[in-house]
Structures are given as C-alpha cells and as structure tokens.
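Listed below, chain by chain, are the residues.
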Amino acid sequence: MKDQQLKKVWRIPAFLGAVTLFRLLSALLGAGFWYFLSWFALIIPLFVIVFKVWRAKFP
Amino acid sequence: MSQLKNIKRWFWWHRWTSLICTLFLLLLCLTGLPLIFQDEIDGWLNPTRYVELPKDASAADLDNMIRVARQHYPAEAVSSFFVDDEEPQVVVSMIPKLDDDPKLSHDLQFDARTGKLLKDEPPFNQQPQTFTGLMLSLHSDLFMDLPGELFLGLMGLLFVISIISGVVLYGPFMKKLDFGTIRMQRSKRLKWLDLHNLLGIATAIWLFVVGATGVMNELSTPLFGLWQITDVKAMLDKYQGKPTPKTSELTSVQAAFHTAQQALPGMTVVSVVYPGYPFGSPYHYLLWAKGNTPLTSRLFSPVLVDARTGHLAAVVKMPFYLRALEVSRPLHFGDYGGTPLKIIWVLFDLVAIIVLISGVYLWFVRRKFYADYFLRLSTEEEI
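One line per chain: the protein sequences are P and C, in this order.
Counting with the numbering used here, you get residues 1 to 59 for the letters of the first sequence.
Counting with the numbering used here, you get residues 1 to 383 for the letters of the second sequence.
Please keep in mind that the hints were generated in silico from the structure rather than gathered at the bench.
Any given hint could be a false lead.
With a straight-line cut-off of 30 angstroms between C-alpha atoms, the simulated DSS-like cross-links for lysine-lysine are [unchecked claim]:
no.: 1; chain 1: C; residue 1: Lys-97; chain 2: P; residue 2: Lys-7
no.: 2; chain 1: P; residue 1: Lys-8; chain 2: C; residue 2: Lys-191
no.: 3; chain 1: P; residue 1: Lys-8; chain 2: C; residue 2: Lys-119
no.: 4; chain 1: C; residue 1: Lys-242; chain 2: P; residue 2: Lys-8
no.: 5; chain 1: C; residue 1: Lys-175; chain 2: P; residue 2: Lys-57
no.: 6; chain 1: C; residue 1: Lys-8; chain 2: P; residue 2: Lys-52
no.: 7; chain 1: P; residue 1: Lys-57; chain 2: C; residue 2: Lys-188
no.: 8; chain 1: C; residue 1: Lys-175; chain 2: P; residue 2: Lys-7
Just chain C, with the same shape it has in the complex (with noise of 0.2 angstroms):
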C-alpha cells in the first residue's frame, strides 16, 4: 500500500500547486509570446533612419556628444550612457539630480558614427504606454515592482514543483500503455488526460528549464541588491568620505572608455554609469564590458576607472549567484539562437497553454475519474 500512498501524495503536491499558479502561468504564457519579439516589434513600431555610411567607419567622439546632451539640459546630470553593439547608436541618459527617481531619467540617442543627435526622448514617466512595455510589466511584476516581482516568482517556483511532482507522476501512470498513447474512443476526459501527459513530458524539460530561469529573472534585484551591500561596499570602503566628483572635475569619458577597454581585451565595453548615480560608483566611472562569443556576451564584467585621474582602478569579479542570473536570462528569453529559436520558443509556448488548460479542465472532472484510477492501482497493487 506504500506506493500507493507515495503516489497520492504526489499527487497532491501536483494538483495545488498546479492549481494555484495556474491563472498567472497562463497570463506569462500570453505575454511572454509577444515578448520573444520584443526587439522585432519595438523596432518595427518605432524605426530608426540611420544615414549610409561605410561598415568601418569610424566612432564619433564621446566626449562630444555627452557635450552636445549637456548644452540640451544645463541644469541636468548624465547619469549614464550606452554604446549598442548592434546597431550605431549612443544612447545617453539624464536625470535632473542624480539621486532622483530613475522614472524621471530621459534618453537621448546620437549616431555613433557621426555624433549627430537623432532622437530627444520625453522622461520615462511621461512616456506614452507602449505594448510591449505593458506586456513586460504583465509578464514580469504586475505594476507592483518587487513585491509583483516576488509573487511572480513564488508562482514560478509553484509551475518548477508541479512539473518535477507531474514527471513523477508520469512514471505509474504509463505502466500499462505505450509511450504517447491518446484514447480517442473512450471519453472526452480519457482524451484530454493522455494529451496532457503527452504535451507534458515531451516538453517537460523546455518547462522546467524556461520556468526555473524565470524565478531566477525575478530575483535579480534582491541578488544585485545582495551584491552592493556585500562585495561593492567592500570594494567602495576605502573611498568613504571623498566627495563625489563635480562635473567640472570630470576626466574625460572617452578616455576612460578606451582604458577601460583595453584592460579587458576580447571583451566590448558598452556602457558607462556616471559618479555619483545610484547604481554605480560615487567616485568612478563604471563601466560594463560584455564578451564576444553567444555565451559570454551574455557575462558583464564591470570596470572602474577614476573619475578624477582617468586611471584605472579595479576590474570587478562577479559572484556565481550574479553570473548564474546573467546565463538564465538567454535560456529564459530564448534569443540566443536566431529568429528559428524564438519560432520554436512561440511553438513550446504554446504547447504549455495546452498543458495548463487541460490540466485545469483534468481537476474540473476530477472526483469519479482518480478514485477509479486509484482504486485500479489498488488492485494492482494487491495481485
């Protein structure tokens, strides 16, 4: 009778905690299918005309474009920049004091290649919604910021039991029939349950994989959080008490960009926070480096160099839980393999809407059809 007991146990933990995230896995399942093309989309609704210019012409100066931003905004601070590798822009950020609230920060996006300023964007708040920035905040926090985050990643870590608890369930229940058998004859509820055993553990490991990463998405800003009191006070001690840089004192950033880049050969720096601004340094540069290959440019290592001095101060090692989170994000978003990975990504999407429906509509006709089947394990049991 042990195995017997094991399995309804089991199934317990299959049923609530598979009743419980159901509604929100399907709203993440709906939101997520745009959101594989999120950069498509984005793109296709707001273009942006660069003039023709020769592939290997040459980067326009920094320097000059944070000059070009500061005489839009005098009374403004720089709070960050950012050199995209895809395509040729500089996008710059401002912020009226730098420990405002990020919403108030306002991009401006310069051609890399001539310096020209192309775009003056509004703040962040007084942005219009745009779909899939509603979609990402239905996907990834429910308007609520952390706690939203936190909830979405209990329901997560809900989806990761349900299907290890459904795989262990697989096992007993396919004794008797041969692998992908769907009773069509029988009945409607017959049918549906062989679909949701099929469905499930043929892309049992797409949704565990995609699902265990989305928890980890989800605790990125208490890891980063985690990782400013811990390594980065340490790191930032021996510099309490000087003040932070004036914008007159400022070394040049373009410089700081080239020392920077030299110092991680094999690596392409794109992107530099301002001293001074929350999520960097109150006394450096700091800039993000990323790597060449599909899974390294996927690994950011940040760099800081003086404000003051231009030199060089300290190319900072990530901790595992950060380098963890950086390696989940691909595996989640499926954009590392090319316009067919994010195809078959919609195509597993999918199939998991069909799992998450059957299994709702599988508890809906429940009682009569488990105390059958357990009473047929019963007698199994015995003989």
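This is chain P alone, in the form it adopts within the complex (with noise of 0.2 angstroms):
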C-alpha cells in the first residue's frame, strides 16, 4: 500500500484505537478530572459509529 492510502486508511481507526488506550489507562492510574476524562474518551469510538450508521441510514 502507497503512505497515502496507508494514512487515508489508517487514520481514523488509529485515533479511535490511542483514544481507547488512554481511556483505558487514565481511569486506572488517576480519579477524580482523569475519570471524566476516560469516559469521554471511551464514548468517542461509540459516538462515532452512531454517527456513521445515522449518516447511511439516513444520508
């Protein structure tokens, strides 16, 4: 695969994958803001399906 298709590919799955691990980690090691943080994070990669079935159902 060329770097551009491998970016165009890749990008958004990468983010949704490092905003998940941070999730995942911040609301082990901090409390409090780092809790609030992590559920927000965590909510992105389920927000964006939503957002992608909406758009198709209903484009």
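Using the supplied hints, reconstruct the complex from the two chains, each of which is provided in its own coordinate frame.
This is the structure:
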C-alpha cells in the first residue's frame, strides 16, 4: 500500500485506538478529573459508530 | 500475486479462529453483561442493613468476633476472615477441618464497628444458586473448574487472534473506501460486511484488551499454583517440620493485624488467612494488604506474621506474572471508573455481540462474495 493510502485507511482507526487506550489507562492511574476524561474518551468510538450508521440510514 | 496469497492466509486465520470461538464468545458477552453490575445486583437482591453510626466510629476488636464465631461452631476451624474497606463488615470463614473441600466452608458476617453477628450463612455447597453466581460459572468455567477455565481461556486466545487478523484484513479491504462507509443500497451482505468492519475496527482496542485480560484471568489458577510451588515453597522451607500451631497456641489476630498494618504504611490490610489453611502458611497468619489509589488498590501484598509469637516474619514480593494478573482484572471487569465506565462497558459489549453475529452471518453467505472479492484484488494487482 502506498503511503497516502495507508494514511487514509488508518488515520481514523488509529485515532480511535489511541483514544481507547488512553481511556483504559487514565481511569486506572488517576481519579476525579481523569475519570471524567476517560469516560469522554471512551464514548468517542461509540459516537463515531452511531454517527456513521445514522448517516448511512438517513443520507 | 504474493500479497493476495498473504491476504488469503490472514483470511483463513480470521475465519477459522472466529468460527471456532464465536458460540462461546457469544455466551461470554451475554453472561458478562449482568456481571458488569455484579456488586449492584448482589447488594440489591441481598441487602445488609447496618445500624447508623457516626462515620468515624472505631472498629470493634477482631479477636472478639473470632471468639463469637468459635462459640457458634466449637468443633470447627476458622480458615480466614475479610475486613471490608467499602462496607463496615467483617466476614469470618469457618470450615469443619482446615484441609476439607473449600466448598464446605461457611461465612459469619459481623458489623465491623459494633462487633455484632449480623448473618450466619449456610455452607457454600448448600446455598441456593444465585443469579450472578450462575452467570459467573457460565462466564468463567462452565461448571467445570480448572478444565473449564482453560477451555474458555483457549477460546479467548482464538478470539484475540481473530481480532488481530481482522485488523490486518481491514487495511486492504478499505483501500477504496472512506472510513465508516456503509453501502446500504446494494445488498444485505455488503451492508453487514461494512457494519462488521466499522464496528470491529472502532472497538478493536477494547475487544483486544478485554479479550487478552480475560485470557489472563482464566490462567489465574495455574499462575497462583506456579507461585505456590516456587517462591512460596522456598520461603516456607525453613519452617519444614515445625507443627502447625493449635488454636490454643495462636497469638492475638488483632495484634497481628496491627503489626502487618504498621509494616505497610499507605496500604490497607483486608484479609487474614489462618495457619494450616491450604491457601496460607502452615505456621503464620497470612495477611493480604492492598494500596489506596485506583491502580495500587488492585495490587495485593502478602505479609507473614508468626502465629505463635506475633512477630513480623516477611513482607512478600509478588512475581511479575501475578502483578500482571492483578492489573488485568480491572481492565477486564471495567469496575475502576465508577458507574459511567460500567455503562460504557455494557455498550461496548453490545457492539461486540453485533460484531460476532454479523461475522457468522457473513460466513453463511460467503462463497460467491469472497470469490468476487479475491478476483477484484487480483485484477487490481495486475494493473
């Protein structure tokens, strides 16, 4: 795969993966504000799914 | 052509690892749902009413609670007790003989502040099956103890391989598609394939982490066994031949509790295993302490206190594989970030169920579809 293509395919999945990892570890290492950040980070992949499915259903 | 061959190979792995584990993974996802809220469900079905006391009420004497427990069952032995750090309770476990089947043991629940006996539970093997107990058995060992744990661990390993191979396949598949494309209009098959890919890749890291830590949890019995026959055995070897102290020879357990607490500042002692119980030392009180931060509260440190003299014998260092096991528990259970994290766990679990079912569906309708897909890939390569 060419560089350009690699970037296009993996940009968002890599972002979602990084966000998920951040969420998993932040709640383990911290409390209070970190909890809040981690919930927020966790919701992003779910939100992306809902958004994409919604868009496909009601273009 | 070699890239196509490569993709086909990954595809083979993805198909077969997924197919073999899917049925069990579905079971794990479904039984896992209520287990996320196990504590809440148990507390709701079987509530304990505590008397209202000021928050800083002092703790009652542990030796007294043990005495009361022994008065209730003079012929039996105390095997261990648990000092809860979330609820004001002390749970004393007793067993007819220390080397009996642990299923014969039974609990006496005390109020940690008044020292009053609250509940006298029947032995574990006579208790009615609880809902969460049933779910836990289905989730962790299929009622088969160690063989069941290892089997489900193997299924988890296949699941992890299928996630990795799925992520590898995602790359070539999405070459011509924008992220999140769902082709609704063309065919049911395409729609579900796109959904499978989107849901799978968006939750891939969660699936991987929960899958891998689940495998780790299924290995806890052999890992603790390994520790027992290596480090623990080496540590206890010098006490070889000394008899286990009789009940009348035991030093104050309250004092032992205090000694261990002093030895580990910044930690909380949460349980004590009596000498002679198979999960402890023949000669010591074994006390388990845990840290006070979200991470260190998952890391337990064992402390040995000589059960005859009450002297501190050792603060035991846990090996790396048990540390890894301890850290993998919260990452699997999702119980380390309050209720919102648990709800998020439920949502991810539901997405995982859709990924599993859509995967099986895609396998059913596979043949012509994949022939076309591989044909397309090979013509692309020729160009």
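message: When the structure is checked against the list of hints, which entries are broken? Sort them ascending.
response: 1, 3, 4
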